[in-house]
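Peer 1: So the chains spell out like this:
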Amino acid sequence: MTVESTAARKTTRGGGKRATAKKAAPAKKKAAAAAPAEAEQDQLVQLLTPEGERVEHPEYSIDLSADELRGLYRDMVLTRRFDAEATTLQRQGELGLWASLLGQEAAQIGSGRALRDDDYVFPTYREHGVAWCRGVDPTNLLGMFRGVNNGGWDPNSNNFHLYTIVIGSQTLHATGYAMGVQKDGADSAVIAYFGDGASSQGDVAESFTFSAVYNAPVVFFCQNNQWAISEPTEKQTRVPLYQRARGYGFPGVRVDGNDVLACLAVTKAALERARSGEGPTLVEAFTYRMGAHTTSDDPTRYRRDEEREAWEAKDPILRLRTYLLNEGFADQAYFDSIEEESEALGKRVREVVRAMPDPDNMAIFENIYADGHALVDEERAQFAAYQASFVDAEEN
Amino acid sequence: MAVFEKITLSKAINESLRASMEADPKVLVMGEDVGKLGGVFRVTDGLQKDFGEERVIDTPLAESGIVGTAIGMALRGYRPVVEIQFDGFVFPAYDQIVTQLAKMHARALGKVKVPVVIRIPYGGGIGAVEHHSESPEALFAHVAGLKCVSPSNASDAYWMMRQAIESDDPVIYFEPKRRYHDKGRLDTEAIPDPLHKARVAQPGTDLTLAAYGPMVKVCLDAAKVAAEEGKSVEVLDLRTISPIDFDAIQSSVERTRRLVIVHEAPVFLGTGSEIAARITERCFYHLEAPVLRVGGFHAPYPPSRLEDEYLPGLDRVLDAVDRALAY
Ligand SMILES: Cc1ncc(C[n+]2csc(CCOP(=O)(O)OP(=O)(O)O)c2C)c(N)n1
Numbered sequence: 001m002t003v004e005s006t007a008a009r010k011t012t013r014g015g016g017k018r019a020t021a022k023k024a025a026p027a028k029k030k031a032a033a034a035a036p037a038e039a040e041q042d043q044l045v046q047l048l049t050p051e052g053e054r055v056e057h058p059e060y061s062i063d064l065s066a067d068e069l070r071g072l073y074r075d076m077v078l079t080r081r082f083d084a085e086a087t088t089l090q091r092q093g094e095l096g097l098w099a100s101l102l103g104q105e106a107a108q109i110g111s112g113r114a115l116r117d118d119d120y121v122f123p124t125y126r127e128h129g130v131a132w133c134r135g136v137d138p139t140n141l142l143g144m145f146r147g148v149n150n151g152g153w154d155p156n157s158n159n160f161h162l163y164t165i166v167i168g169s170q171t172l173h174a175t176g177y178a179m180g181v182q183k184d185g186a187d188s189a190v191i192a193y194f195g196d197g198a199s200s201q202g203d204v205a206e207s208f209t210f211s212a213v214y215n216a217p218v219v220f221f222c223q224n225n226q227w228a229i230s231e232p233t234e235k236q237t238r239v240p241l242y243q244r245a246r247g248y249g250f251p252g253v254r255v256d257g258n259d260v261l262a263c264l265a266v267t268k269a270a271l272e273r274a275r276s277g278e279g280p281t282l283v284e285a286f287t288y289r290m291g292a293h294t295t296s297d298d299p300t301r302y303r304r305d306e307e308r309e310a311w312e313a314k315d316p317i318l319r320l321r322t323y324l325l326n327e328g329f330a331d332q333a334y335f336d337s338i339e340e341e342s343e344a345l346g347k348r349v350r351e352v353v354r355a356m357p358d359p360d361n362m363a364i365f366e367n368i369y370a371d372g373h374a375l376v377d378e379e380r381a382q383f384a385a386y387q388a389s390f391v392d393a394e395e396n
Numbered sequence: 397m398a399v400f401e402k403i404t405l406s407k408a409i410n411e412s413l414r415a416s417m418e419a420d421p422k423v424l425v426m427g428e429d430v431g432k433l434g435g436v437f438r439v440t441d442g443l444q445k446d447f448g449e450e451r452v453i454d455t456p457l458a459e460s461g462i463v464g465t466a467i468g469m470a471l472r473g474y475r476p477v478v479e480i481q482f483d484g485f486v487f488p489a490y491d492q493i494v495t496q497l498a499k500m501h502a503r504a505l506g507k508v509k510v511p512v513v514i515r516i517p518y519g520g521g522i523g524a525v526e527h528h529s530e531s532p533e534a535l536f537a538h539v540a541g542l543k544c545v546s547p548s549n550a551s552d553a554y555w556m557m558r559q560a561i562e563s564d565d566p567v568i569y570f571e572p573k574r575r576y577h578d579k580g581r582l583d584t585e586a587i588p589d590p591l592h593k594a595r596v597a598q599p600g601t602d603l604t605l606a607a608y609g610p611m612v613k614v615c616l617d618a619a620k621v622a623a624e625e626g627k628s629v630e631v632l633d634l635r636t637i638s639p640i641d642f643d644a645i646q647s648s649v650e651r652t653r654r655l656v657i658v659h660e661a662p663v664f665l666g667t668g669s670e671i672a673a674r675i676t677e678r679c680f681y682h683l684e685a686p687v688l689r690v691g692g693f694h695a696p697y698p699p700s701r702l703e704d705e706y707l708p709g710l711d712r713v714l715d716a717v718d719r720a721l722a723y
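First to last, the sequence lines map onto chains A and B. Reading the first sequence from the start, the letters are residues 1 to 396 in the numbering used here. Reading the second sequence from the start, the letters are residues 397 to 723 in the numbering used here.
Hints in this document: simulated from the structure, not taken from any laboratory.
Straight-line Cα separation of at most 20 Å, SDA-like style, residue types lysine to any residue; simulated pairs: (1) B:K432 x A:E306; (2) A:K235 x B:T465; (3) B:K432 x A:T233.
Bound-form chain B, shown alone (with noise of 0.2 Å):
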């Protein structure tokens, strides 16, 4: 148990693992890469020399396989931790995801637990080919069955990990990959909040920006921007995407009256689709604006030299800020 004042959020990852497989034998670490490399983010770093090869477990390149034999363990008892390399990989595993992960617990009547967590590296802006910058949240947060969840910081990335192990639900939990080095405070004595609730990064008053992940921080300098022209904007850190805790939103838009949602995944039936449509039920008369959204287009990610014209930055995001307000 410790305080560090300044810790990467990767470093926060593996330091939860490690606590993890401490507190509890069953917990296993497993995916291509992840033993000797410590994964190709070194999220795994000195996890297979400590708690060796039994339960960290270098895989064959294979991700159907890593899913489908974690629910295999995670029906005898233990608690896999998955590692899928990148966003674009996690694919080959998407049936085994989605056809029998999610749904096991209640095809058994609730008498089999299936606790596997599924660690996916996701999102763009570190210049990488293709198949390495994807936002797929939305294609797993619409299955039911699957919780998501995706922390923004490093104490969130501690925390959230290790509720996400300790869940007996499958929990997909996206790593927002160019934040592995951004570095934060982590008290491990702390009480953290529970997994499923948003958090107020930013206290506001003119507008509600609601993101995730590795779109906080850009919203939190939008906030900052806006702050010199005289706008109060709130950050709400949704912390999770499925569920998706409205209530925090509710509360924030019924302060603001206006709410932009900003994802890097494509608009077009993406998470924000979502919570325009429910906030706009259930605060349509204190909406001052409709609700917008910034987030990628309906195009394939694009070659890295154009990522950044395809990531929602600052601009966009104050871009959507001011025709908010201009209503």
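Isolated chain A, as found in the complex (with noise of 0.2 Å):
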């Protein structure tokens, strides 16, 4: 069994319309949950294999068209693009540091378009595929990498929260937004994003306790793509982190995380029980970090090519392609259409980040306070005078 689920106590409040469909838990879940098998416990919700191959879940289904399986491959290959592109620019110096999402197209993309646009998405630093989904336009992202800001974009206008760097914090945060959403008896619901690492935060701690308490519309979306940076997951946890959960009274289900459809059909299912009424989910997401924790990182020093190689097998943009082609959902045509997209988005970020300006000093001062302050603006007053200091004795 993946899903644990708490006693049904579904609230008249929300009833939103389910795009898949999840049965009920089994009434012996308590006992089975309480002498869990470990092999079972451990099994990964997969509607895809490695091999392209369409399998079923008992509690997980789904079924979409060939235009929206084409969709989530578009997005992976994008995402996957506009990833390495970032990469290249990092090592020519037009950022200063890139954290690549490689291999974790499916968890973000699976994850990302299983959410309606008045859900709201607090990412941590690495979900760009998520930002994709939103609607974010990528090169906002590059902003703060390549050191021109410290955000990029307005969270408001696509209900995509600031990426958040200190890990964990924004666990809470998204706890809080679903507190109000709760009270304002809105039928939204809210994703945070993490990693297997920020699972010993304090912070991710307090806001299982804090939602579970609230019973909170929110889901828990953990990516465990295996290491944070040179630490191996055992370094964080000794029990599978989707079992973390039941220990505060929501459910945690573990889901392949390089399986695009299971992570949307999973994500999905979380997403309606938070919205109607249900409370809020743990999600872990199965995956692997292919390439380093960030441009700055050498992960030669503490693992093995090997364990690298075993996931490429696993790769989540493959096993796609194969079903479409199996299928007859895609052709060579439409693939050659994605390539020559993905092409096009490349050449765009690389003008784009290369034409991306440098601040203007004095936006040192700028939205430090709504209301104003009256030492910022002594500091900006005698900085600019500085400043033209400079000027003048160029000048004469």
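Grab the two chains, each in its own frame, and use the hints to assemble them into the complex.
Peer 2: Below you can see the structure in the form of structure tokens.
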């Protein structure tokens, strides 16, 4: 069993349309949960095997049109391309740093496409694929990594909050936001992204407590990519992460994070649960960080190549491609057109980044207080006079 | 025991940790990525290989947990040296540091000692993203019960770490990360200065520049330029932020009669404010000019493309020198 449901306490509020047919949890769940059979517990929800074969899961079914399937493929390819371009731009000195999502496309696109427009996303710093699904212009993500701003977008224009670097912090913000949604009587949901490493933070534990106690409509989406910089997941936990949820009183589910269909189905179900007043869910997307932690990191110091190679066989994009081909949902002409689109995206990203100007010096003093502040005004004036003294000196 | 003619500041800390661990089996190193990776700055490189996972501990990603458990181990007789990965990530542990670590000795009527060293790579100038370039030293120095130090060169980095580990008090050890690769001389058999003594890094007669950590080099460079302009500037490397060696500053100011304090952290309510107030009190009749401060603005640390404007550089320091000399 991969999902443990708390007692059915569906409220009448909300009544969101179910996109997926999630079966109610069997009654004998509790007993099973008390003495978990390890092998069974750790089974991943999977709908598409690494070989590209479609399989069914008793609790999560999904029925997508060929169009929708191609859409997921396109999202993943373009996201990967964007990511690769950013890595290259960092190597060329155009970005100070980049945190690659390579290998995590399915987890991000699957969960990202499960969201409704009115849902709200609280990402960490690697959610480029989710940002893509939210319609955030990918070049907006680069300002912070280039060092021209500390954020780069209006969180409310796409219901996609700013990247959070202090790990785990955003899980509490998501919970509080969800509590607000609940107070408003709205039927949208909130999703918080974080890593396996972040799961050790006190903030994450506290967000679990709050969300459970207040039955907040939040989904915790943990991308377990196996590593927190050099530390493997074993340095964070002795139980599979999704099992943590049980101790807080809400369900946890582990999904094949390289299977975009499963990620979509599981996240949709969790969001629906939240919408219909059933409270939080922890989704652990079991995936792998194919690249370095960031462009500053050297993974050869702590992990073996064979590990990466084993995960390459589970590539999220390849398996969907195989499936599309085998089912006749897409042909070579289609793949070529995506390739073309991805070239164009790469080109645009390169051009926009290279043309991205450095901010004006006086930006240091902008937006520090909403109401203004005398000390900032004074320092701004002093700094302006100081700068002007150079101009004067040059002119003289 | 050795003499290194050219050792980087980060390697000097590494040597210091190694020597401390060899000298005392109770010394432990702990933090995120300190093991196999050797820390993101490689300061703990090779230590786990040589001392094992029992003494060089890769911890879960939880700063409150890291400091809180270090306190517990210290209560049990160990001497943990904790690494916080970057300045901006110490705050999840701030509660443990401020409400527990700092006060435990006093609360236990002096019967309990908590010799925890917390290493924090701090400061800007490395082109990093946010939370990776901050200078939070005043937030710690303000708290009674904590000692705060910041070396500016390899020899001090080595000796101050050894002394911090030997100290029975908690020490926040601020590592100037943009100086990690700067090389200097280190004699591990020398007799070091006491931990809480300032040092005249460059003697001078017209004005005193007081700094610590990453800003000492900027001040030395400024003194050089000033010398070319015929001004004799003394540079004082404070080395320690809590306690502050006011006697050393006073004696310098009594000679030079002018004082400019330089740090990266915001000027407002910063280390410089305390020094200015005390020195004005102690040296009122010696001063020819008000004590000036050069530092960060009352603004969040800016994105990296603006950090050169934010950080005090040569020009801003020289500007303050000129202003002080103009009185
Ligand atoms: C509070 C805090 N401590 C330390 C760091 C430094 N740091 C950045 S990312 C990271 C690893 C995070 O691993 P994980 O949560 O698994 O996410 P992943 O990067 O693998 O996606 C660390 C230690 C940080 N950003 N915030």
